[in-house]
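Engineer: As they're listed, the protein sequences go chains Y and H.
One point on numbering: in the working numbering, the residue at position 397 of the first sequence is 397, and numbering is uninterrupted.
One point on numbering: in the working numbering, the residue at position 181 of the second sequence is 181, and numbering is uninterrupted.
Worth flagging that the hints you see were computed from the coordinates, not collected in a lab.
There could be a bad hint or two in this list.
[Unchecked claim] Derived EDC-like pairs (lysine to aspartate or glutamate); straight-line CA-CA distance at most 16 Å:
hint : chain 1 : residue 1 : chain 2 : residue 2
1    : H       : Lys392    : Y       : Asp160
2    : Y       : Lys52     : H       : Glu223
3    : Y       : Lys393    : H       : Asp160
4    : H       : Lys285    : H       : Asp314
5    : H       : Lys91     : H       : Glu337
6    : Y       : Lys196    : H       : Glu396
7    : H       : Lys390    : Y       : Asp160
8    : Y       : Lys392    : H       : Asp160
9    : Y       : Lys390    : H       : Asp175
10   : H       : Lys390    : Y       : Glu159
11   : H       : Lys196    : Y       : Glu396
12   : Y       : Lys52     : H       : Asp49
13   : H       : Lys52     : Y       : Glu223
14   : Y       : Lys393    : H       : Asp185
15   : H       : Lys91     : H       : Asp362
16   : H       : Lys390    : Y       : Asp175
17   : H       : Lys265    : H       : Asp314
18   : H       : Lys21     : H       : Glu9
19   : H       : Lys152    : Y       : Glu340
20   : H       : Lys341    : Y       : Asp175
21   : Y       : Lys152    : H       : Glu340
22   : H       : Lys12     : H       : Glu27
23   : Y       : Lys16     : Y       : Asp37
24   : H       : Lys152    : H       : Asp175
25   : Y       : Lys21     : Y       : Glu9
26   : H       : Lys46     : H       : Glu62
27   : Y       : Lys341    : H       : Asp175
Model, not experiment: these values are computed from the prediction.
There are 2 protein chains.
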Amino acid sequence: MRSYITGLECPKCKKKHDFRKLTNLCECGSPLLVRYDLDALSREVKPSDWQKRPEGLWRYRELLPVLDEKNIVSLGEGGTPVFPLEEMGKKYGLNKLLVKDEGMNPTGTFKARGASVGVSKAKELGAQTIAMPTAGNAGAAWAAYSARAGIKMIVAMPEDAPATTQAECVAYGADTYLVDGLISDAGRYVRQGVAKHGWFEAATLKEPYRIEGKKTMGLEIWEQLPHGLPAAIIYPTGGGVGLIGMWKAFLELKAMGWLKGELPKMVCVQAEGCAPIVRAYREGKDHAEFFQGAHTIAAGVRVPSALGDFLVLDAVRSSGGTALTVSDEEILETWKETAEKDGALICPEGAAAVKAAQLIRDMGLVGADDTVLVLNTGAGMKYTELMTGKAKKVTEPF
Amino acid sequence: MRSYITGLECPKCKKKHDFRKLTNLCECGSPLLVRYDLDALSREVKPSDWQKRPEGLWRYRELLPVLDEKNIVSLGEGGTPVFPLEEMGKKYGLNKLLVKDEGMNPTGTFKARGASVGVSKAKELGAQTIAMPTAGNAGAAWAAYSARAGIKMIVAMPEDAPATTQAECVAYGADTYLVDGLISDAGRYVRQGVAKHGWFEAATLKEPYRIEGKKTMGLEIWEQLPHGLPAAIIYPTGGGVGLIGMWKAFLELKAMGWLKGELPKMVCVQAEGCAPIVRAYREGKDHAEFFQGAHTIAAGVRVPSALGDFLVLDAVRSSGGTALTVSDEEILETWKETAEKDGALICPEGAAAVKAAQLIRDMGLVGADDTVLVLNTGAGMKYTELMTGKAKKVTEPF
Numbered sequence: 001m002r003s004y005i006t007g008l009e010c011p012k013c014k015k016k017h018d019f020r021k022l023t024n025l026c027e028c029g030s031p032l033l034v035r036y037d038l039d040a041l042s043r044e045v046k047p048s049d050w051q052k053r054p055e056g057l058w059r060y061r062e063l064l065p066v067l068d069e070k071n072i073v074s075l076g077e078g079g080t081p082v083f084p085l086e087e088m089g090k091k092y093g094l095n096k097l098l099v100k101d102e103g104m105n106p107t108g109t110f111k112a113r114g115a116s117v118g119v120s121k122a123k124e125l126g127a128q129t130i131a132m133p134t135a136g137n138a139g140a141a142w143a144a145y146s147a148r149a150g151i152k153m154i155v156a157m158p159e160d161a162p163a164t165t166q167a168e169c170v171a172y173g174a175d176t177y178l179v180d181g182l183i184s185d186a187g188r189y190v191r192q193g194v195a196k197h198g199w200f201e202a203a204t205l206k207e208p209y210r211i212e213g214k215k216t217m218g219l220e221i222w223e224q225l226p227h228g229l230p231a232a233i234i235y236p237t238g239g240g241v242g243l244i245g246m247w248k249a250f251l252e253l254k255a256m257g258w259l260k261g262e263l264p265k266m267v268c269v270q271a272e273g274c275a276p277i278v279r280a281y282r283e284g285k286d287h288a289e290f291f292q293g294a295h296t297i298a299a300g301v302r303v304p305s306a307l308g309d310f311l312v313l314d315a316v317r318s319s320g321g322t323a324l325t326v327s328d329e330e331i332l333e334t335w336k337e338t339a340e341k342d343g344a345l346i347c348p349e350g351a352a353a354v355k356a357a358q359l360i361r362d363m364g365l366v367g368a369d370d371t372v373l374v375l376n377t378g379a380g381m382k383y384t385e386l387m388t389g390k391a392k393k394v395t396e397p398f
Numbered sequence: 001m002r003s004y005i006t007g008l009e010c011p012k013c014k015k016k017h018d019f020r021k022l023t024n025l026c027e028c029g030s031p032l033l034v035r036y037d038l039d040a041l042s043r044e045v046k047p048s049d050w051q052k053r054p055e056g057l058w059r060y061r062e063l064l065p066v067l068d069e070k071n072i073v074s075l076g077e078g079g080t081p082v083f084p085l086e087e088m089g090k091k092y093g094l095n096k097l098l099v100k101d102e103g104m105n106p107t108g109t110f111k112a113r114g115a116s117v118g119v120s121k122a123k124e125l126g127a128q129t130i131a132m133p134t135a136g137n138a139g140a141a142w143a144a145y146s147a148r149a150g151i152k153m154i155v156a157m158p159e160d161a162p163a164t165t166q167a168e169c170v171a172y173g174a175d176t177y178l179v180d181g182l183i184s185d186a187g188r189y190v191r192q193g194v195a196k197h198g199w200f201e202a203a204t205l206k207e208p209y210r211i212e213g214k215k216t217m218g219l220e221i222w223e224q225l226p227h228g229l230p231a232a233i234i235y236p237t238g239g240g241v242g243l244i245g246m247w248k249a250f251l252e253l254k255a256m257g258w259l260k261g262e263l264p265k266m267v268c269v270q271a272e273g274c275a276p277i278v279r280a281y282r283e284g285k286d287h288a289e290f291f292q293g294a295h296t297i298a299a300g301v302r303v304p305s306a307l308g309d310f311l312v313l314d315a316v317r318s319s320g321g322t323a324l325t326v327s328d329e330e331i332l333e334t335w336k337e338t339a340e341k342d343g344a345l346i347c348p349e350g351a352a353a354v355k356a357a358q359l360i361r362d363m364g365l366v367g368a369d370d371t372v373l374v375l376n377t378g379a380g381m382k383y384t385e386l387m388t389g390k391a392k393k394v395t396e397p398f
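Please work from the sequences and hints to get the whole structure.
Structural biologist: So this is what it looks like as structure tokens:
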């Protein structure tokens, strides 16, 4: 079993980079993408080889960047289920509304995928200390995998990041710092430390391997829906790595001849209070400007500026998808309703995506019988701050 | 695809019961066990039929009690990973210390298995309202599946049950009541309501199907370790349904001829402050007495009296296992160490089981090269109360 990785490529200036050493961005400032020998892979490996292995993202290891399997750092990530949200679908006029529930990952979020591949590759390339800013969940995931790999971890997050994610980072033994500000402010601190102490920076898209972990969501969706990809995939977009990753997965499968038929419309949903990519989409721009005064209860999409903005915009546009916003009120309402009606306690970011399913149905982007798949990026139980309902004290016999 | 269920049987007085109607206990007071036509099943189904289906507990549906698949209530439960705890194993002198991480289930615990099968069967048999006392996690799981099934749910729990589990029950729309006392006191309230309002009671082992869900942990372990079952399986024991269920699974597989070789030693671990079954084991008794003054930080094992005590004791003794206790200090210490060294944030009950691996190694029940598998019954991130470490506020550049 081997990786078919051939190199790192800048999607902007097309420069090639060595994949045998720890690398961050291209000199031109762009994130780098991992390239593989897809011809050889498609000749020497069959989809059924993957399907015979235990579930989990490492079943796709030929299309992942780790060279030696002894460097794999795994906590059983990936292989998350897809199931219908029947009641919400009925309400929205969608007969096939599905959710892929990424809450059933180690650390309770999809961030585990990027962390498993990112930390494994960092270990393979000899990183001693990893540093990153985070909205919360990425920090918790990278802290877990770094602890398992024996790599020192430094995390900086907004002081109002979800309490559970703060506690998780500390529990895994990461040096955990709270910053008065947003993830972009935390990023400034981390960059100072990186420059001064030589830490390896693993901020969103600052290293090329997190995206390879996230792309396995796309590989799984392809496997889990053998009769064809969904008409639309809705993704709550902060840094956008998951959307970029799934799109990369579909293009790679297509290039290998393993994927026939239409690609899904990729739909980017952001919060009204923090929508840099939606604004750029509406204005026809290729890049997003910094979103001033960012605020939303969905911490994971409170990202005022994303390094991969142009890649998200490209995937949305070339897939015939769209980019749209929902309000915090809509998020809370949808969150509550999805738990009560379909028994799924999703995260606020996932609730934004569920609500967006109604919006794309109403605007006619999908029809009643089209399959619409929503990514729930994390487990709702991590967000006890938002659960305001209270249990009743028993005072007399039932 | 069909269920091979043939009936319900009392393991004490051997009386047969009709499986076509909602049923609780035997007249003799014992829980009932589901029986199947194992001969026919082993002739007509192959292990590879199961392995070809998507992961998750419903792949075993011939050995589960639901007759019509339209009654299956699923949120993608089961199919949880097994991975090594290498550093903890090194410390304990165990070269193959594994954990099966049940935190990666809907609602974050193994309770989802029992709830998926229990609620599915209750739906099939026409239940309108389900009521149960809970230490916390079972209530959250049954609330989720009942919401999805459109069945009304009543939950009663100790007022000091973990905050996350209280909030989850409310979020799923269950009527959630807090009781000044233990799970046994909550049980008294529920029994009053059941008698008065005709609710269906789903307290631990009061209905026969939860155990069928839990037994799928055993079926998965058998599939995940194709070279042979572990020498010992360690299970944190409150009501004991998981241990009873796994043992039932192994006996069924053996009866079908699908399992060769030795069965694992089943190890029951309880907290020093609440150890009714360990006490009965030590005193050579078949039943456990009510444990006065029960207290432990591991809410899931704070169960002073278990209806299935005699079944747990039988499995432990006939497998050549043991029953032992750990202290709350050991639980907290092991919990912290497992997160920091192996990157696994387990639950306090899981930490008790990890610590017990050291104890059975020290007493010589297993050797250095024996495979020891620990059940982590839930996700550690649900226990923010126990995470006392704090993040640091950033005041100057790194």
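Engineer: Would you check the hint for Lys91(H) and Asp362(H), treating anything up to 16 Å between C-alpha atoms as holding?
Structural biologist: holds (12 Å)
Engineer: Take a quick look at whether Lys390(Y) and Asp175(H) sit within 16 Å of each other, Cα to Cα.
Structural biologist: Since the Cα atoms of Lys390(Y) and Asp175(H) sit roughly 10 Å apart, the hinted pair holds (cutoff 16 Å).
Engineer: For a C-alpha distance cap of 16 Å, please report whether Lys152(H) and Asp175(H) respect it.
Structural biologist: holds (8 Å)
Engineer: Under the criterion that the straight-line Cα-Cα distance not exceed 16 Å, is the pair Lys390(H), Glu159(Y) satisfied?
Structural biologist: holds (12 Å)
Engineer: Is the Cα-Cα distance between Lys265(H) and Asp314(H) 16 Å or less?
Structural biologist: The given pair, whose Cα atoms are some 12 Å apart, holds under the 16 Å limit.
Engineer: Would the pair Lys341(Y) and Asp175(H) pass a check requiring their Cα atoms to be no farther apart than 16 Å?
Structural biologist: Roughly 15 Å between the alpha carbons, so the hint for Lys341(Y) and Asp175(H) holds.
Engineer: Taken at face value, is the distance from the CA of Glu27(H) to the CA of Lys12(H) at most 16 Å?
Structural biologist: holds (11 Å)
Engineer: Under the criterion that the straight-line Cα-Cα distance not exceed 16 Å, is the pair Lys91(H), Glu337(H) satisfied?
Structural biologist: At roughly 11 Å apart (the allowed maximum being 16 Å), Glu337(H) and Lys91(H) satisfy the hint.
Engineer: With a cut-off of 16 Å on the C-alpha distance, tell me whether Lys21(Y) and Glu9(Y) pass.
Structural biologist: holds (14 Å)
Engineer: Hint check: Lys52(Y) vs Asp49(H), CA-CA at most 16 Å. Holds or violated?
Structural biologist: holds (13 Å)
Engineer: Check the hint pairing Lys21(H) with Glu9(H) against an upper bound of 16 Å on the C-alpha distance.
Structural biologist: Between Lys21(H) and Glu9(H) the Cα gap is close to 14 Å, so the pair holds against 16 Å.
Engineer: Is Lys390(H) within 16 Å of Asp160(Y), Cα to Cα?
Structural biologist: Holds, because 13 Å separates the two Cα atoms, which is no more than 16 Å.
Checked against the numbered hints given earlier, the structure satisfies every one of them.
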